[in-house]
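Novice: Work the whole structure out from these sequences, hints included.
Protein sequence lines correspond, in order, to chains H and L.
In this text, residue positions in the first sequence follow our numbering: the first is 1, and each later residue adds one.
In this text, residue positions in the second sequence follow our numbering: the first is 202, and each later residue adds one.
Some clues are possibly wrong.
[Unchecked claim] Okay, the calculated bits of chain H under chain L, using three or more residues with CB under 8 Å as the criterion: (1) 116-127; (2) 168-178; (3) 185-196.
These are computed hints drawn from the structure, not numbers from a lab.
C-beta atoms are modelled at their ideal positions from N, C-alpha and C, and glycine is treated no differently.
Number of protein chains: 2
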Amino acid sequence: MRSGAAWRAARLVVVERTQGPRRDVAANRARIVAAATTMLRECGLNVDMRAIAKEAGVGVGTLYRHFPTRQDLVHEVTGTDLAGLATSGLSPDQPAIEALRAFFTTALTPLVRNRAAVDLLANAEPAGADLQRCLTHLTGVGHDAVERSRTDHTLADDITATDIAYQFLGTVRILQLVPQPDIADIGHHVELTLRALRRHS
Amino acid sequence: MRSGAAWRAARLVVVERTQGPRRDVAANRARIVAAATTMLRECGLNVDMRAIAKEAGVGVGTLYRHFPTRQDLVHEVTGTDLAGLATSGLSPDQPAIEALRAFFTTALTPLVRNRAAVDLLANAEPAGADLQRCLTHLTGVGHDAVERSRTDHTLADDITATDIAYQFLGTVRILQLVPQPDIADIGHHVELTLRALRRHS
DNA sequence: GCCAAAACGGAACATTCGTTCCGATGCGGT
DNA sequence: ACCGCATCGGAACGAATGTTCCGTTTTGGC
Numbered sequence: 001m002r003s004g005a006a007w008r009a010a011r012l013v014v015v016e017r018t019q020g021p022r023r024d025v026a027a028n029r030a031r032i033v034a035a036a037t038t039m040l041r042e043c044g045l046n047v048d049m050r051a052i053a054k055e056a057g058v059g060v061g062t063l064y065r066h067f068p069t070r071q072d073l074v075h076e077v078t079g080t081d082l083a084g085l086a087t088s089g090l091s092p093d094q095p096a097i098e099a100l101r102a103f104f105t106t107a108l109t110p111l112v113r114n115r116a117a118v119d120l121l122a123n124a125e126p127a128g129a130d131l132q133r134c135l136t137h138l139t140g141v142g143h144d145a146v147e148r149s150r151t152d153h154t155l156a157d158d159i160t161a162t163d164i165a166y167q168f169l170g171t172v173r174i175l176q177l178v179p180q181p182d183i184a185d186i187g188h189h190v191e192l193t194l195r196a197l198r199r200h201s
Numbered sequence: 202m203r204s205g206a207a208w209r210a211a212r213l214v215v216v217e218r219t220q221g222p223r224r225d226v227a228a229n230r231a232r233i234v235a236a237a238t239t240m241l242r243e244c245g246l247n248v249d250m251r252a253i254a255k256e257a258g259v260g261v262g263t264l265y266r267h268f269p270t271r272q273d274l275v276h277e278v279t280g281t282d283l284a285g286l287a288t289s290g291l292s293p294d295q296p297a298i299e300a301l302r303a304f305f306t307t308a309l310t311p312l313v314r315n316r317a318a319v320d321l322l323a324n325a326e327p328a329g330a331d332l333q334r335c336l337t338h339l340t341g342v343g344h345d346a347v348e349r350s351r352t353d354h355t356l357a358d359d360i361t362a363t364d365i366a367y368q369f370l371g372t373v374r375i376l377q378l379v380p381q382p383d384i385a386d387i388g389h390h391v392e393l394t395l396r397a398l399r400r401h402s
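Specialist: Put into structure tokens, the structure is as follows:
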């Protein structure tokens, strides 16, 4: 046990951090994010944290200091790829059906190259928090589309906002099943989904 | 250690089993299947084997003697509920689109009350053996439908057998997301799916 | 009732994976 | 160059879960 005098001497060296984080901290964080991005994209949500740490060239302790839980890391990485879904809505000045086509295509295109993001939407437990948040946003978009269709009548009358949200997630699942989907596959399956929603004279 | 004479005496009692399994064996197997059916239906694929054994009133050892791996048990139980999918095809003497409606409805109705079966189809890894087998059967049905449509022209021209299989699985995912789906929900979402496949004059 | 084989129960083992802990390391201010 | 503290690496922990093993119990033919 240290004496009181020793404590006082030690305290003299206490220093305020003048600015920013240490250089190695920032570098490690960047390497972790880079490694996690690559591995989550390629392997899906179920990647071992140890594997990510190893790929990043750091210890698991370092990984957990930056991202206390697995979910924190997943959010950091999938946030980018889900942005097209989370931030965008229907562009104005278009019929409802065309706006939905644009929304679906824009949201799905970056998704299909990211297994983690697809897993998040296609395989998550129906009660999961992430999926619920996503459903809320999608239902909001669906609501806008139904509203818009009240003037342009491009959607079938029996389509609800919820239907649109579910159809989106069903399309995500379908694209997860297509091996190595390309732009044409996305276009085709979006087209089929739109036929389910569109008004047919 | 036993003497040689004792061994010989012991061997005299060896007897051929005249017929059938022991009574308790059959009873235990039945109880295991019953418990597993209930729990898998209600809780989905991720039920603890210990919980199934406990529910059945047997030890885990007994469970594993009857079903060496979890998959064996799952197959035993979901087989019944997937039968409508695995065994049935398109009924004859109907336009392709009507036959598909009947097939989808018949296959989906028993499914939605069985979380394990839904998990198997809606959340399985795209590369999983179970899903691949299912896809094969669905594609076969899809092929028949496309073929039939060559004479009755009730499906859109650009629909392929694969599209039909994917649309079915997309619908399973949608019904998994609907909270407590009833017959009306199944009918509605099947109807939407059929609009994606049907020819629109 | 006796006994050996069959079946049983459930503790123990093995593996996986998220997370925590702590002694070693090295950055940065003096 | 020194030294305290932030940071590091990775062993260790704990929980969940599939599977095995073995001492005990039950069954059924004699």
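Novice: Of the hints stated earlier, which fail here?
Specialist: none
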